[in-house]
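Place chain Y on chain D using the hints.
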Amino acid sequence: MRGRVARKAFAIGSASLVVLGIAGCQQQSEPSEDGAAPTDLKIVEQVQIDENGTEVKPPEGVTPLNPAGDGKAQCPPVSIAMAGALNGPDAALGINIKNGIQLAVDQHNDNNPGCQVQLKTFDTEGDPQKATQVAPQIINDAFTIGLIGPAFSGETNATGDVFNQAGLVAATASATNVTLSEKGWKTFFRGLANDGVQGPSVANYLKNTLNHKKVCVVDDSTDYGLGLAQAVRETLGPVADSACNISVKKGDKDFSAAVTQIKGASPDSVFFAGYYAEAAPLVQQLKDGGFEGTFVSADGTKDPEFVKQAGEASAGAVLACPCGPATGAFAEEYKKAFNQEPGTYSVEGYDLGAIMLKGIDSGKITRPDLLEFVRTYDGQGVGRKYQWTPTGELTTTLIWIYKVQ
Amino acid sequence: MISQCVDHGAQYACLAANINFNLDGLRNGFWQLTIDGLSWGAIYALVAVGYTLVFGVLRLINFAHSEIFMLGMFGAYFCLDVILGFTPSGNDYEKGVALTVLYLGIAMLFAMLVSGSAAVGLEFIAYRPLRKRGARSLTFLITAIGMSFVLQEFVHFVLPKLLPGYGGSNAQQPIILMQPKTQFTIFGATVSNVTLVIVASALVFALLTDMAINRTKFGRGIRAVAQDPTTATLMGVSRERIIMTTFLLGGLLAGAAALLYTLKVPQGIIYSGGFLLGIKAFSAAVLGGIGNLRGALLGGLLLGIMENYGQAVFGTQWRDVVAFVLLVLVLLIRPTGILGESLGKARA
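Residue numbers (the working numbering), protein chains in the order written: chain D, 100 to 504; chain Y, 500 to 847.
Watch out, some of these pointers could steer you wrong.
Simulated pairs of lysine-lysine, BS3-like, Cα-Cα distance not exceeding 27 Å [to be verified]:
(1) D/Lys141 <-> D/Lys386
(2) D/Lys434 <-> D/Lys502
(3) Y/Lys631 <-> Y/Lys716
(4) D/Lys435 <-> Y/Lys660
(5) D/Lys434 <-> Y/Lys660
(6) D/Lys219 <-> D/Lys171
(7) D/Lys386 <-> Y/Lys680
(8) D/Lys313 <-> D/Lys362
(9) D/Lys312 <-> D/Lys362
(10) D/Lys313 <-> D/Lys229
(11) D/Lys349 <-> D/Lys386
(12) Y/Lys594 <-> D/Lys386
(13) Y/Lys680 <-> Y/Lys594
(14) D/Lys362 <-> Y/Lys680
(15) D/Lys156 <-> D/Lys141
Read the hints as simulated data drawn from the structure, not as lab findings.
The shape of chain D in the complex, shown without the other chains (with noise of 0.2 Å):
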């Protein structure tokens, strides 16, 4: 018998548990409009930085090249390709760049009904398994005489070869591994500054224009964070306090015992070399310890996600980010066409297949023609300005600075 009633007893409690949760959340649903408002800020370019931490002005009166053309070319059927990861988890950077180039192969067909380019997309999936079995296809399609792509460094590594040898320009805009223009490949180029050029500069940055004393440098222990923090701490020498050079670990939320540490040492500010997921907390749980230095970090961390996540507390960090800021008439247009903001990379995308297209419309519609053309192609884009050294790098690598705010 007490068995049973105890168990009623259970029963009964724990169904009232549910009904009074449940009744409990149901009573409270009226919307809380005190308290925190969703924060309008944003991630917005500031200047551009060469290696030496300098700003660098964009030349006054260079209106970027526009895909539209003169309206009057002519050209048989070709295609320009694009190689990334469509499908899948990284998805989302390739997508930006295949819109970029679209917008930029339809401006040009809409404004030139004797010249249609197709653009044929490739998914890679940013793996570079796939992108290898991929690359003949593109390659044994007759129609295409440029590549946009492939996206990711690991990727372009293992196909670079393939187009190097059919002769195909992969202008890539987005791989950022230095050692991928090493290779001695003649039709590789990049629309952006490496990985090698980002650490020198925003150290430079911090140290030669703001003037900060005294950095404290926080990696995440990935290979990313790692190399870019080490670049930074060389670069920045005596400024990089040795007293907080701190290693966290990516996937860690908690950060009480690197505030600590800063706190301790009070830096003008602190970089910190890894991604948004862990900068978030970071920089939130430093606003919360009573740090008023600057938050500064890199591409990683430069995505609206990270402001997503540390509201308020992100506001002032500075981010830097080899790719360029999509302004004006671009953006404007991209949001018409696409129903969403330009994302990283966007940028880049558009303005090599704008150049793509200059180069089809003035006749060069065979793959070496084409070749030749970016290779020795100088001109402004909307990103900054594109003309490559015989590596395939950008003859003026500069680093974006952008600040949330």
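Quick look at chain Y alone, frame taken from chain D:
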């Protein structure tokens, strides 16, 4: 994005440069580290109870328990977001003490509900059918690991389609009801409101659980089944019911821990957010003596504090290593864990 350490073949130099040995850091920050560690330990302890109870009753390591915890975080978030109507912004709300406690209490109840029902559901769907067929214990273990992945990937890939804005690759945009603020100082260490709430609530839950296991009839049932399932059945204890309530209890505590965890780490609500914490909590249970309730509570607190000391000495990135080295060392000396005995034998 590359590593210069790897590319230049100097990863060992890099690694060596990242190990510190900083005893001063431990000495200077001793009390602060203890208090911060205590709040982590309290969360580990609550989750560890779920592992230890299920192990005591079923001799099963329920690896999916970390996902029960993760679902609790999503439950708390859902309650705050949809039911209580807070807009996620990443900024903290100022609601006053009474209202904040009320809202958090409601969210905690909801989280407990979600975790509790998920734990019971898990037992119904995954473990009960196996028991009916008399599966071997290895089968249970593999099933537990499998269910852990199933639940993670469900939140990663399926949940965003069912409930837009939930799950997926990124963490939920935080809803912060409680900004960490220093309440008072003790031995030169600051105690924040969040730490206070976490430690106090964990203490209450730990006491309640201990009483439920040691003082109630239902607790006696759990201990009886843990000690000898066959005899317990002969004595009129319904084994199936005891198993179900054990899962329920573990789930409820995991849900409570989930809310406390989101107070500490608002950006932690992500499909993979339970994994490491679950492993830590499991280690805590083993450290204290798996199958032993008080062992799990003690092991949790100890692990939280010791790993905090460890990260002060060796550097933040060595935190997890310190935790597991500690576990190995303790088990070398005392293979049954600190408090040793199983749930059944402990204080009959």
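Given the proposed pairing of D/Lys312 with D/Lys362, does the C-alpha separation stay at or below 27 Å?
The given pair, whose Cα atoms are some 15 Å apart, holds under the 27 Å limit.
Would you check the hint for D/Lys362 and Y/Lys680, treating anything up to 27 Å between C-alpha atoms as holding?
The given pair, whose Cα atoms are some 16 Å apart, holds under the 27 Å limit.
Tell me if the straight-line CA distance from D/Lys434 to Y/Lys660 falls inside 27 Å.
Given that 27 Å is the threshold and the Cα spacing comes to 24 Å, the pair holds.
Under the criterion that the straight-line Cα-Cα distance not exceed 27 Å, is the pair D/Lys435, Y/Lys660 satisfied?
Given that 27 Å is the threshold and the Cα spacing comes to 26 Å, the pair holds.
Verify the proposed pairing of D/Lys349 with D/Lys386, using a straight-line Cα cut of 27 Å.
holds, 20 Å
With the threshold set at 27 Å, check whether the alpha-carbon distance from D/Lys386 to Y/Lys680 stays at or below it.
holds, 11 Å
Under the criterion that the straight-line Cα-Cα distance not exceed 27 Å, is the pair D/Lys219, D/Lys171 satisfied?
holds, 23 Å
For a C-alpha distance cap of 27 Å, please report whether D/Lys156 and D/Lys141 respect it.
Answer holds: D/Lys156 to D/Lys141 is near 22 Å, not above 27 Å.
Does D/Lys313 pair with D/Lys229 here, judged by a C-alpha cut-off of 27 Å?
It is violated: about 46 Å lies between the C-alpha atoms, which goes past 27 Å.
Between Y/Lys631 and Y/Lys716, is the straight-line Cα distance small enough, at 27 Å or below?
holds, 26 Å
Hint check: D/Lys313 vs D/Lys362, CA-CA at most 27 Å. Holds or violated?
holds, 12 Å
Please verify whether Y/Lys594 and D/Lys386 have alpha carbons no more than 27 Å apart.
Answer holds: Y/Lys594 to D/Lys386 is near 20 Å, not above 27 Å.
Checked against the numbered hints above, the structure violates only hint 10.
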